[in-house]
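Undergrad: Here are the chains, one letter per residue:
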Amino acid sequence: MLWAEGVRHRFGAVPALDDVTFTLPAGHTLALFGPNGAGKTTLLKVLAGLIRPRAGRAGVEGGRGAIGWIGHQSLLYGQLTVRENLRFWGSLYGVRAPVLDARISGLAARLDLREHLDRRVSTLSRGQTQRAAIARALMHDPSVLLLDEPFTGLDRVAAGELANLVREFAGRGEGRATILVTHNVEEGTDLATDIGILKAGRLVELAPRNARNPEQVGARYRELVS
Amino acid sequence: MSGLLRDALVIARKDLALELRTKTGLGSALVFTALVLTVFNFGRDPTAVAALDLAPSILWVTFTFAAVLSLNRAFQLELENQAFEGLLVSPIDRRSLYLGKLFANLVFVGLVEAVGLPLFALFFNIPILHVLLPLAALIAVATVGFVAVGTLMSALVIRVRFAELMLPVLLLPFLIPPLVGAVQVTARLLAGRPLSEVSGWLRLLLAYDVVFVSLAALLFPATVDE
Numbered sequence: 001m002l003w004a005e006g007v008r009h010r011f012g013a014v015p016a017l018d019d020v021t022f023t024l025p026a027g028h029t030l031a032l033f034g035p036n037g038a039g040k041t042t043l044l045k046v047l048a049g050l051i052r053p054r055a056g057r058a059g060v061e062g063g064r065g066a067i068g069w070i071g072h073q074s075l076l077y078g079q080l081t082v083r084e085n086l087r088f089w090g091s092l093y094g095v096r097a098p099v100l101d102a103r104i105s106g107l108a109a110r111l112d113l114r115e116h117l118d119r120r121v122s123t124l125s126r127g128q129t130q131r132a133a134i135a136r137a138l139m140h141d142p143s144v145l146l147l148d149e150p151f152t153g154l155d156r157v158a159a160g161e162l163a164n165l166v167r168e169f170a171g172r173g174e175g176r177a178t179i180l181v182t183h184n185v186e187e188g189t190d191l192a193t194d195i196g197i198l199k200a201g202r203l204v205e206l207a208p209r210n211a212r213n214p215e216q217v218g219a220r221y222r223e224l225v226s
Numbered sequence: 001m002s003g004l005l006r007d008a009l010v011i012a013r014k015d016l017a018l019e020l021r022t023k024t025g026l027g028s029a030l031v032f033t034a035l036v037l038t039v040f041n042f043g044r045d046p047t048a049v050a051a052l053d054l055a056p057s058i059l060w061v062t063f064t065f066a067a068v069l070s071l072n073r074a075f076q077l078e079l080e081n082q083a084f085e086g087l088l089v090s091p092i093d094r095r096s097l098y099l100g101k102l103f104a105n106l107v108f109v110g111l112v113e114a115v116g117l118p119l120f121a122l123f124f125n126i127p128i129l130h131v132l133l134p135l136a137a138l139i140a141v142a143t144v145g146f147v148a149v150g151t152l153m154s155a156l157v158i159r160v161r162f163a164e165l166m167l168p169v170l171l172l173p174f175l176i177p178p179l180v181g182a183v184q185v186t187a188r189l190l191a192g193r194p195l196s197e198v199s200g201w202l203r204l205l206l207a208y209d210v211v212f213v214s215l216a217a218l219l220f221p222a223t224v225d226e
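These protein sequence lines map, in sequence, to chains A and E.
1 is the number of the first residue of the first sequence in our numbering; add one for each residue after it.
1 is the number of the first residue of the second sequence in our numbering; add one for each residue after it.
What the hints contain is simulated information worked out from the structure, not anything from laboratory work.
Source: prediction; values computed, not measured.
Among the hints, a few may not be true.
[Stated by the list, open to error] Rough simulated footprint, nothing fancy, chain A against chain E, three-plus residues with beta-carbon under 8 Å:
# : region
1 : 10-23
2 : 41-54
3 : 88-100
Glycine included, every Cβ here is placed at the ideal spot set by N, Cα and C.
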C-alpha cells in the first residue's frame with residue numbers, strides 16, 4: 001500500500017505538487033497521466049523518499065526497501081555485466097548471498113535474459129536493457145512498483161513485452177501496488193485498475209478504471225488538462 | 001559486520017570493479033602524476049634550489065591534483081543511466097554510500113600514490129628507503145583527510161554544470177591545512193630530522209582526519225537529498 005496526504009512541493013517559485021492526497025491499496029495499479037510539468041515524476045520521487053515535500057506526508061508500506069523503481073533509464077552500470085549489476089543491487093537490498101544466485105536465475109528465466117547474464121549492459125539492445133532493468137527492480141521482491149515513463153524509447157514490440165511483464169509482476173493477485181507514470185494513455189489504461197490525472201501539480205482525477213476504454217480515458221484526459 | 005559497513009563495502013567493491021574494467025580515472029591519474037613529476041623535474045634549475053628543498057612541495061602538489069582527478073570520477077560514474085537515483089531509492093543508509101565512495105577513493109588515490117612515490121624518488125634522486133615506513137604512514141594519514149573532504153565535495157557538485165572545474169575550486173581551500181602539515185612533516189622526514197619537531201603538525205593531520213571523516217559522513221545525506 002502507498003499513500004500521500006496533503007503533499008505540497010515547489011521548485012523555487014514553481015509549484016510542483018499541490019495538496020495531493022490519495023491511497024493506493026495492494027493489488028491496485030494506478031496509471032498516472034498528465035502533461036509535461038504536471039508533477040508526475042515529482043510525485044513518484046516523493047513517494048520513493050527521493051524528495052522531501054514542503055508539506056504533507058507520503059510513503060510506502062515497508063519503506064524504501066519495499067519499492068521497485070523502474071524509470072526510462074535503466075539504473076544499470078554499462079560496464080558491468082547483467083549478473084554483476086543484479087548481484088550489486090540485490091546486495092544493497094539485503095538479499096543474502098545464497099539467495100542472490102537463485103533469484104538471478106529465476107528472474108533471468110522469466111525475463112528471457114539467461115543468454116545475456118554475462119554480457120555487459122552497454123552491449124544490450126534497448127529492449128534487453130529494459131528487461132534487465134525490470135530484473136534489477138524485482139531482485140528484492142518488492143511489494144510496490146513505481147514506474148516512471150518505462151515505455152520511453154521502446155519500439156512497439158518491446159513496449160508490448162514490457163506491458164506484459166508489468167502486468168505479470170505488478171498485477172493483480174500478487175498483492176503488489178503499482179503506480180505507472182506514462183504519456184501513453186492506451187498502454188497505461190490497459191494496465192491500470194485506477195486512473196489518475198495530474199494537472200499543474202493537482203490530482204484532478206482519481207477514479208477506478210471500471211469499464212472505461214482508452215478512448216474514453218483519453219477524452220476525459222483532454223477535457224481535464226485542456 | 002554492521003549493515004552500514006557491509007553496504008559501504010558493497011558499493012566500494014562495485015566502484016573498484018567498474019574502475020578496473022574501464023581504467024579511465026586511474027589511468028588518467030597515473031599518467032598525470034608521471035607527467036607532473038617529469039615537468040617539475042625538467043622545469044627547475046638544480047643549481048638554484050636543492051632538490052630536497054623543493055621535493056616535499058612537489059610531492060604533495062602532485063598527489064593533490066592527481067587525487068582531484070580521481071575524485072571527479074567518484075560520483076560521475078553514478079550518472080550513467082541514472083544509477084545514482086537507484087542508490088538513493090534503495091534502503092541503504094546514506095552514510096554507507098558516502099563511506100563506500102570514501103573507501104574506493106582511498107584505494108584509487110593510494111594506488112596513484114604508490115606509483116607516484118617511487119617515480120618521485122627516481123626523478124628527484126631523493127633516497128626514501130630509510131624513511132619509507134613513516135613516509136607511507138604520513139601519506140596515508142594525510143590522504144584520508146583530503147579524500148574524506150573530496151568525496152563529500154564531489155557529491156556536492158554532481159548535479160552542477162562544469163563539475164570538473166567546480167570540484168577543485170571548492171576543494172582546494174579545505175586542503176590547505178593538511179597540505180601544509182604534510183609538506184612540513186615530509187620535509188623533516190626527508191632531511192632526517194626527528195618527528196618531535198613536527199608533532200604539532202602530526203596532531204593536526206590526525207585531528208583533521210577524525211573531524212572531517214565524521215563531519216562529511218554527517219553532512220553527506222543533506223548533500224544528496226533533493
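Undergrad: The structure should be examined with respect to each hint, and the outcome stated for every one.
TA: Now for the hints, and whether the structure bears them out:
{"no.": "1", "hint": "10-23", "verdict": "holds (count 7)"}
{"no.": "2", "hint": "41-54", "verdict": "violated (count 0)"}
{"no.": "3", "hint": "88-100", "verdict": "holds (count 5)"}
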